[in-house]
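Let's have the full structure, built from the sequences with the hints guiding it.
Order-wise, the sequence lines are chains A, B and C.
Start counting the first sequence at 39; every next residue gets the next number (our numbering).
Start counting the second sequence at 30; every next residue gets the next number (our numbering).
Start counting the third sequence at 96; every next residue gets the next number (our numbering).
It should be emphasised that the hints constitute simulated quantities derived from the structure, not laboratory data.
These numbers were taken from a predicted model, which means no experiment stands behind them.
Even glycine gets a Cβ: it sits at the ideal position worked out from N, Cα and C.
Treat the hints with care, as some may be off.
Said to hold, decoys possible - To give a feel for the contact side, a few chain C residues facing chain A, derived at Cβ under 7 angstroms:
id : residue
1  : G206
2  : A272
3  : R276
4  : L279
5  : P280
6  : A284
7  : S285
8  : L286
9  : L287
10 : I288
11 : V290
12 : M292
13 : A299
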Amino acid sequence: MDFRPPDMNLWAALPTAVVGATALVTLLLSVLRPAGAARRSISFTLFGLALAAVGCLPAAIFRPGPSFQGMLVLDPAAVLLSLLLLGATAVCVLLASRYLVHDGVDAAEAAVLLTLGCAGMLFMVSAGNLLMVFIGLETMSVALYILAGLAGARDRTSHEAALKYLLLGAFATGFLVYGMAFVYGATGSLDLREIGARIAGGGAAPGFLAVGLALLLIGLGFKVALVPFHMWAPDVYEGAPTTVAAYMAVGVKVAAFMALLRVFNVAAGGAAASWQAAVAWLAVLTMLVGNLVALAQTSLKRLLAYSSIAHAGYLAVGLAAGGAAGAQAVLFYSVAYGFMTLGAFVVLLALERADDKPQLDDLRGLRRRHPLLAAALATFMFALAGIPPLSGFLGKWLLISAAVQAGQVPLAVAAVLCSAIAAFYYLRIVVYSYMREPADDASPVTLAAETRQALAACLIGTLLCSFPFGLWLLSAAGWAAGALR
Amino acid sequence: MAHAWLLILLPLFGAGYLAWQGRHLREEQIGTIAAGAVGGSFVIAVLCWLQVYALRGGPVDHLIAGGPSWLAVGKLTVDYHLLLDPLSTVMTLVVTGVGLVIHLYARGYMHGDPHFPRFFALLNLFIAAMLVLVLGENLALLFVGWEGVGFCSYMLIGYFTEKQSASQAGKKAFIVNRIGDLGFLLGSFLLYRATGTLSLPEIVKALPAEYAVGNPQLTAAALCFFVGACGKSAQFPLYIWLPDAMEGPTPVSALIHAATMVTAGVYLTVRLSVLYALSPFASQVVAVIGVLTALLAALLALVQHDIKKVLAYSTVSQLGFMFLAVGVGAYAAAIFHLVTHAFFKGLLFLCSGSVIHAMEHALHHAHESGDPQDMRQMGGLREKLPQTHWTMLIGGAAIAGLPPLAGFFSKDEILLHAGQGHLLLWAVATGVALLTAFYNARLLYKTFWQPTRMSAAAYAAVEENGPTLILPLQILAGLAALGGLLNLPGHGLCSQQLARFLDPVTAPALHVLGAHHPFTLGQEVRGMLFSVGVVMVGLGLAAWGYREANQRMGQLAARYPRCYRPLVNLYGLDEFYQRWVVRPGHQCAEWLAREFDAGVIDGLVNGVGSFFSDSAEFTRRYQPGLVRSYALWFTLGAVGLLAALALRPAPAVVQGVVGGLLLLLAGGTVWVMRPRSEA
Amino acid sequence: MTTGFAICFLVLAAVALAAAAKMIFSHHPVHSALYLVLNLCASALIYVLLGAPFIAIVQVAVYAGAIMVLFLFIIMYLNLGLAQDVADARSRRATALATAGLLAVLLLAGGVVRWSGDLAGRPQQVAAGQQALAAGQAGLPGAPAATPDAQAALQAARAAAQPQPGQAVTVEQIGVALFSRYALPFEVASLLILVAMIGALVIARPQLQRESALRKEVSS
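In structure tokens:
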């Protein structure tokens, strides 16, 4: 038996290695020197995440090909989304240091779990093999199951959310693994590039492949909350601490969509005929249900949950469109979506009171109570609604034009109509914060330093994705989409 | 040539600035800014004119001020280009020159108006739009100006928003003009189809080269454009909006509804003179409609009592003259009359404004209520308003056509051309000239010369207006007196200056029309003498009828009610529209509103709204929060997705069976997981 | 595929399925756990049939052994009684069962049933792959292949050749695979287990803290 050592291209593994090491060192430090661990672990984690972001740069420059026998593919798309995920994790760690600690959670634990979840996400976005997709997804999910229940000491719904997420997540994972098995049965490989070559060469058993792809779509569709696999999302978002909900809404969705992109758009691109229509239907259903139900929400957290469901639908439009244009649209929209949704959650956190969850009515007169916060909220809402020239508009425009290019005009029309419905509830939030008088007992809002920093980061990110700066990101996404294979 | 853009940008910036900051400025500042913008425009217009003048006799007869491309669709390209040629520079000079004078006048006239900044912002915007109209190098840009002036006109007619009649009049103008706009657009499409371009110089070049005289396609285009011109320039049967437009402030009447905007139709037909030259039929229609309008409007002017209405019908009548000139191929004469008309009609309107201003003041002072525009309440103002009287006398004489004032030469020119083989046209036009002299004299008699019919207190309170109002009158009076010098008849060194200057524009059309015989001296002298005689008859009749406060005209009217009544009723044209167009339209609209809108559209909209809220409410309630119901839905979705992918190559029967089963299960799940009351 | 193999497989599969069903529908948690053990053992035997004895042993040792013992221990520690039959309407249960049944049918039919025109060209590829296999170029997964075509043929052959009873995968092969081709997932799996460990601690900690606080109170 000859032993062939793995081709360890460390450049490709650098970001994930740094993130994993950061988590381990933070954990060790907090155990070995408990005094002042909270502050130290937060700053150390932030430092580690920044280091990992820097660690992405060699990959962007040297462009290591598939490494570790094709397990890890740190291509430009992966670098782009890794940077976004690192940023989102950093923002969430920052927020956790303020809000989760307030809930009686140990800062080091929260930081470690967030960081480990981030490592899982990074593995997902740079996965070159279904095994890596699975392990990355599980690492991310297990971290999130726990994070969702973190506020359980204070809020029973947090435990309930965690349990729901765990049970349904396990159910979905069963589908995912079964799907991987079917795909392996159809193509004889778990390596995405080999799967792609096999499908393109006609050497894949179509029946097994179709079942496998369907099961993969179900498993990953659960993670990104595509209808009808979405029902957990509002309950879990509402029950989980808001910081964690933000982390889920951004991180999980972006990572899982990248995995979907790699599996469907790239590897199974040759079999597009078999899955394209189904994905398009899922997209339409998701946009429709997400937006319609969001209309009736008064709890801001649930509203954002349904909004994130609807946005999964938009992203699925890009997936269904396929091709380089679809991939570009998904990449761009992932980044844009990440910043604007994270920003919306940060505003929500700033409004949160100890006793209850913010409602639409709590926004009344926000303009008076904190003009800056109101302006930031309006920016995020406009961006989410897709109003030019903000990032959401550029993203939707890309998605819709990708769908039109792919000849899926009805899908494009559905996307436009659904965003028209969506404009209603996003703008209603702006109307509440700008045009309604504040309630008599409304207290002025004060922002903690961490919140301000997080808000600034999201605002800058959103503006950088908006016209005209967004055009740069747009071309970067196009370049990254072109390099996907 | 980029500075030509400044022509438009200056008043545009003026308008923008006043709209933005006007509320914080004092009246003098506003007036200065507005007039300054137009004045600057005027200076540039002079420069442009000089540049174009320098081209005379050269190989190039026009300049293009380039701009960015507007749109390029297939073969069609439309650029933001300005065309500087003799015609457009003459128009620019008139628009900015008369516009400047009227701006100066309006500073005094609108003094104390609560919406002072809005007024001047709109006036500046109008100037900008009008300049786009006359300078646009292509039909698309021209249309932008065309719509722009229409919009400003609509806004300014309805300027006194508190008056119901004003907003009604604005609406009327707007709606009638839409008919014209449709004609304009159809004409543009037809021309584009014929020539493949919207650029005016190219159209003028292409038409005679590619089409023979009498081509039906061109006739259709020409008629369509004439419908557009009829709307904008108030020709029969679309003239009904112009008299009502007098609800606007008087400077607006002078600028928009006498001097500039209403002549846009004439400008358009002259600009497209080749088209009309190539279509004798369309030319005949233009001439006949023109002279018919001139006659009908002049007759209506005889019986009006509102001083501004007289002038409004007079404007319609004079515009008819211009179209007559276009119709008989006297394009330069049409423009000549357009220019002089801008002078003397602007003057007359400003004078009437001065009278109205004084009357308002007097009535207010004497605490009397009364219509300050009603000539029956005037009389004897000659002593009280000497400056106004003198200038208005010059204006009246000019429009009546007394030598050597401007109107004499321009009208005479048209009559001469009309006389060439179009005997009936000439006869009617001559009759109109007589009527013109008559009703203008009537206006002067009733306002200034007859003994006053005002109360003593009010009469005593009449005062001449200040210099801000009088100075513009004097300027325009000078122009009205000397405007004839622009285009003296005959063949001398100073003769036909304007016609010669316009030659590059009119030459292609005249070339199509064939040999043009210059008038002999004898023809011209005879024509002049004859028209002087006609004018004299008209003036004499007026003197006979209105010299003293006698009732001769009243008696005549009473004796021939069949002649008088239709005039008072405005030929029943408004009635006609009301009965056959407006009321059926209303009924149709009402039916639609009642049956279709309330039933179908509202139902649909409300239905959509309530569908969304209902379904949202349902799906919101439909979340019992139970993990197993989520799992059940999840599984159902999984089955559906699996079926969609795995059964794609399956026979339709299998797909149908599985699909039916799925639907059944989905329905069952909705049923078994329905929200239950917590009992 | 020999007949004996087929019979063994079918019997084991039936046992595994029946055990799984009994596990779900048993009211007694201990019974459920024991049925799960049976299920795991049956699947372990299937692994043996498929030529993966090592995996089978791991399955029995870790899952049927360690984890199930833990389960049973917890069940007994908590002294759980009979599972409360969830007050579910029969219609709900029927709907759920029908849905699950349809899912199973589709999973089976989707992979197994060949709709016409499905597999054009596949036999040739399989044949080519088998030739390549015969030529001795077959190796472990990940062995370099001369051309993509040959590699594709090889993979197709391998897909067609599995499962091959009697060709057991040795522990050495698994070890080599884990430390060469699958080195990275193997390492990352440790990260996953670490997360789960931390998670268990985090969830358990409030309980621990409460207990230690109680102890302090008692002692003072």
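Exercise. With chain A as the partner, please determine if C:A284 meets the hint condition of a C-beta pair closer than 7 angstroms.
Key: 6 angstroms, holds
Quiz item: Per the CB criterion, is C:I288 less than 7 angstroms away from chain A?
Solution: 9 angstroms, violated
Quiz item: Does C:S285 pass the interface check with chain A, least Cβ-Cβ distance below 7 angstroms?
Solution: Since the shortest Cβ distance to chain A is 10 angstroms, the answer is violated.
Quiz prompt | Hint validity - C:M292 Cβ closer than 7 angstroms to any chain A Cβ | solution = 10 angstroms, violated
Practice problem: Tell me if C:A299 is really an interface residue toward chain A, meaning its C-beta lies closer than 7 angstroms to one of theirs. | Solution: Violated. Min distance 11 angstroms.
Quiz item: Minimum Cβ distance from C:R276 to chain A below 7 angstroms?
Solution: 5 angstroms, holds
Exercise. Under 7 angstroms, Cβ to Cβ, is where C:L279 needs to be relative to chain A, so tell me if that hint holds or is violated.
Key: Holds, because the Cβ-Cβ distance from C:L279 to chain A comes to roughly 4 angstroms (cut-off 7 angstroms).
Exercise. Answer holds if the nearest beta-carbon of chain A is closer than 7 angstroms to that of C:V290; otherwise answer violated.
Key: Given a least distance of 5 angstroms, the restraint on C:V290 holds.
Quiz item: Given C:P280 as an interface hint, is the shortest Cβ-Cβ distance to chain A below 7 angstroms?
Solution: Nearest chain A Cβ about 5 angstroms off; hint holds.
Quiz prompt | Supplied contact hint for C:L287, tested at 7 angstroms Cβ to chain A | solution = This hint holds: C:L287 lies near chain A, its Cβ roughly 5 angstroms from the closest one there, short of 7 angstroms.
Practice problem: Would you check whether C:A272 satisfies its interface hint, that is, whether its CB is within less than 7 angstroms of any CB in chain A? | Solution: It is violated, given that the least Cβ distance between C:A272 and chain A is near 10 angstroms, above 7 angstroms.
Quiz item: Is the shortest C-beta separation between C:L286 and chain A less than 7 angstroms?
Solution: At about 6 angstroms, which falls below the 7 angstroms cut-off, the nearest Cβ of chain A leaves the hint on C:L286 intact, so it holds.
Violated hints for the displayed structure, listed by number in ascending order: 2, 7, 10, 12 and 13.
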